[in-house]
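K.L.:
Top to bottom, those sequences are chains X and H. Once you know that position 99 of the first sequence is 99 in my numbering, the rest is easy, because the numbers rise by one and skip nothing. For my numbering, add 1000 to where a residue sits in the second sequence, where the first one is 1.
What the hints contain is simulated information worked out from the structure, not anything from laboratory work. Keep in mind the model is a prediction, meaning the values are calculated, not measured. Please note that the accuracy of each hint is not assured.
Said to hold, decoys possible - So these bits of chain X aren't anywhere near chain H, every CB distance computed over 10 Å:
| id | residue |
| --- | --- |
| 1 | 8 |
| 2 | 25 |
| 3 | 35 |
| 4 | 59 |
| 5 | 65 |
| 6 | 139 |
| 7 | 142 |
| 8 | 145 |
Stated by the list, open to error - With beta-carbon atoms standing in for the labels, derived distance ranges:
| id | chain 1 | residue 1 | chain 2 | residue 2 | range |
| --- | --- | --- | --- | --- | --- |
| 9 | X | 22 | H | 1019 | 27 to 33 Å |
| 10 | X | 112 | H | 1008 | 39 to 45 Å |
| 11 | H | 1055 | X | 64 | 38 to 44 Å |
Said to hold, decoys possible - Which stretches of chain X does chain H cover? Using the computed rule of at least three CB atoms under 8 Å from a CB of chain H, they are:
| id | segment |
| --- | --- |
| 12 | 27-34 |
| 13 | 44-56 |
The C-beta atom is built at its ideal place from N, Cα and C for all residues, glycine as well.
2 protein chains.
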Amino acid sequence: MSDTVIAQKIATALDQAGQRTTRPRRLIADRLAELAARSTDFSIDDLWQDLRQQDHRLGRATLYRSIEVLLQQRLLDRITYADGSHRYHVCRDNTHYHLTCIQCRRFVEVHLELPIEQCATVCAQTDFSLEGLSLTLFGRCAQCRNELHVSMQPASFPASE
Amino acid sequence: MSDTVIAQKIATALDQAGQRTTRPRRLIADRLAELAARSTDFSIDDLWQDLRQQDHRLGRATLYRSIEVLLQQRLLDRITYADGSHRYHVCRDNTHYHLTCIQCRRFVEVHLELPIEQCATVCAQTDFSLEGLSLTLFGRCAQCRNELHVSMQPASFPASE
DNA sequence: TTTTCTGCAAACGGTTTGCATCGCT
DNA sequence: AGCGATGCAAACCGTTTGCAGAAAA
Chain X
1 MSDTVIAQKI ATALDQAGQR TTRPRRLIAD RLAELAARST DFSIDDLWQD
51 LRQQDHRLGR ATLYRSIEVL LQQRLLDRIT YADGSHRYHV CRDNTHYHLT
101 CIQCRRFVEV HLELPIEQCA TVCAQTDFSL EGLSLTLFGR CAQCRNELHV
151 SMQPASFPAS E
Chain H
1001 MSDTVIAQKI ATALDQAGQR TTRPRRLIAD RLAELAARST DFSIDDLWQD
1051 LRQQDHRLGR ATLYRSIEVL LQQRLLDRIT YADGSHRYHV CRDNTHYHLT
1101 CIQCRRFVEV HLELPIEQCA TVCAQTDFSL EGLSLTLFGR CAQCRNELHV
1151 SMQPASFPAS E
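Given only the sequences and the hints, what does the whole structure look like? Please build it.
P.N.:
Here is the structure:
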C-alpha cells in the first residue's frame, strides 16, 4: 500500500465520521501515511510536535479528536503500558498482536496462531461469550539488550497485565 | 487459602517493602483479604470509599502507596481498559490470564495453554527476547447478555489493544 | 529518639470540554 | 448562509509529590 493510498484511506475515514475536509485533517492524514509507510509508532505528543512544525496553530484538542475517530474506525492501533502511557501506529492488518520493547517502547505487529477455541471454551465455562482478545508480547530488542548501562527496571514492563 | 492467611501474606508483603505495621496498612491488608476470599475485583476508588468507612481519615495517597507496593510484589493484578481506567484484584495463582466483561467490567482469572514457543520464535525473528506477555480475553457475562437495554457500545472494549 | 509513615493539599500530565470564531460546502 | 470543525483556555480526573506532624521501632 503506497503512502498516497493510505493517506486517502485515512482522509476518507475522517470524512466519514465527521463531514468536512479541513486543513488540520489533511495534515494529520498525510503525516500518518508517512508514519505508516515507515511502520513508525508514536505518542500523541510526538505527533503533535511534528505537526506543529507545519502548522503551529494546530491544537492538541483537534488531534485528540481525530485520533479518537481513527481508533474507532480501527485504522489506528493503540497499546497501553503499565504506567498508563500510550503509543499508536497505523494498522497494517486486521488480525495481529503486538510485540513491544520494554525498554525503548518501539513496537511491531506480529502474527500468531492463538488457540482461539481454547479461549472460547474457557469463556464458555465461566459463562462468558468471547468478544475479543488482546495479546501483547513484552520483550527487549537487540539494540536495548546491548545498552547495558540502562536501567534494568523499565517503567513500561507490565506488573501482571 | 483462608482470609487470615491472605491477610497475613499481604501484611508481610507490605512489611517487607516498607518496614512498619501501621493502622492504615492493617486496614488495607484485611480488606484485601476479604476481597480475595470473595474473588471480588475493585477500583482504587472503590477500595478507598470502603476503607474510609472504617477510618475516615485514611488518605488516598496512602492507599496508592500501598497498592503500588503490592503490584510490585505481584500480589495484586491490574487490568487496564481502553479508556485508561484500571481495576485490581488479589492474585490467586502465578500463571494466568484475564477474562473481563466488556459491560460490567467484572473480571476473573483463567488458565490457558498459550503457544509460548511460537511467541518466542516470533520474537526471535524480530530480534527481540521474550520477557513477558499479557493476554486479556474480552467477553460478555451471562448477566450482561441478558440486560438488553444497556448500551451496545461499552466504553471498556479495547479498540485494538 | 530516630526513622518511617501519614494525611493533607497542591502539583501533575494526559485528555476532554465550553465557547467564540473560522472556514467548508 | 449555515453548520460543522477549530483553537484556545479552562476544567477534569486519576495519580504523585512535598511537607509538617504523627506514630512505630
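K.L.:
Each hint: holds or not?
P.N.:
Going through the hints against the structure:
1. 8: Correct as stated: the minimum Cβ-Cβ distance to chain H is 21 Å, above 10 Å.
2. 25: holds, 19 Å
3. 35: holds, 16 Å
4. 59: holds, 21 Å
5. 65: Correct as stated: the minimum Cβ-Cβ distance to chain H is 15 Å, above 10 Å.
6. 139: violated, 4 Å
7. 142: violated, 4 Å
8. 145: Given a closest Cβ separation of 6 Å, the condition is violated.
9. 22(X) with 1019(H): 27 to 33 Å: Roughly 58 Å apart at Cβ, these two residues miss the hinted range, so it is violated.
10. 112(X) with 1008(H): 39 to 45 Å: The hint (39 to 45 Å, Cβ to Cβ) holds, given that residue 112(X) and residue 1008(H) are roughly 40 Å apart.
11. 1055(H) with 64(X): 38 to 44 Å: holds, 39 Å
12. 27-34: violated (count 0)
13. 44-56: It is violated, with 0 qualifying residues against the three required.
This entry does not satisfy hints 6, 7, 8, 9, 12 and 13, going by the numbered hints stated previously.
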